[in-house]
Amino acid sequence: MRLWRVSGTPWEYHGQTTCWFNSRTPGIAVFHASPLAAVCARLVHQPRNTPESLSPDERLYSIIVTQRQVQAAYVSRCWYDNLKETRSLVAAWRLQTLCPVLKVPARDGQHQYLVNLRFPSLDHIPVRLDERHPFARSVRKARDFLHEGSDWLVLP
1 MRLWRVSGTP
11 WEYHGQTTCW
21 FNSRTPGIAV
31 FHASPLAAVC
41 ARLVHQPRNT
51 PESLSPDERL
61 YSIIVTQRQV
71 QAAYVSRCWY
81 DNLKETRSLV
91 AAWRLQTLCP
101 VLKVPARDGQ
111 HQYLVNLRFP
121 SLDHIPVRLD
131 ERHPFARSVR
141 KARDFLHEGS
151 DWLVLP
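Residue 1 is where the sequence shown starts when you use the working numbering, and the numbers rise one by one after that.
Do not take every clue at face value.
Subject to a maximum C-alpha distance of 25 Å in a straight line, what follows is the list of computed SDA-like cross-link-like pairs (lysine to any residue) [claimed, not checked]: (1) 84 / 27; (2) 84 / 98; (3) 103 / 118; (4) 84 / 73; (5) 84 / 96; (6) 103 / 56; (7) 103 / 10.
Hints were generated in silico from the structure; no laboratory data involved.
Please model the entire structure based on the sequences and the hints provided.
Given below as structure tokens:
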């Protein structure tokens, strides 16, 4: 399984708060199931939600993990309203150190993948800098890429 994220380095800590962990929780990187989802997720955290707002230092990284390296999170129906449930689930997963990746639901019905950066054998997960990432050559290419696969996404 291949997962993607946009950042300056593959394991960079963004310090963002999610329903799964707060901004002070160290050692978790969020990956996505597609390059488009990774780019959109990064744009959400920019002051302006356009490809121009991405730092030129940021790249699209991908990792390859096996099914055995991924643990699925099982949550209640109203998980997104229950911080106690989601954060305690992630805390327990980090303590177990059985799987480096936790597959968690996202509000849009898709999944995000949390990677435990403190996992003992993290170096066994191959990291790839995707040379075909959408904003490598130009912002126009990023815009075209985002428009191509997403009728639902509106960009200015």
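How the hints compare with the structure:
no. : hint      : verdict
1   : 84 / 27   : holds (19 Å)
2   : 84 / 98   : holds (22 Å)
3   : 103 / 118 : holds (17 Å)
4   : 84 / 73   : holds (14 Å)
5   : 84 / 96   : holds (18 Å)
6   : 103 / 56  : violated (29 Å)
7   : 103 / 10  : holds (18 Å)
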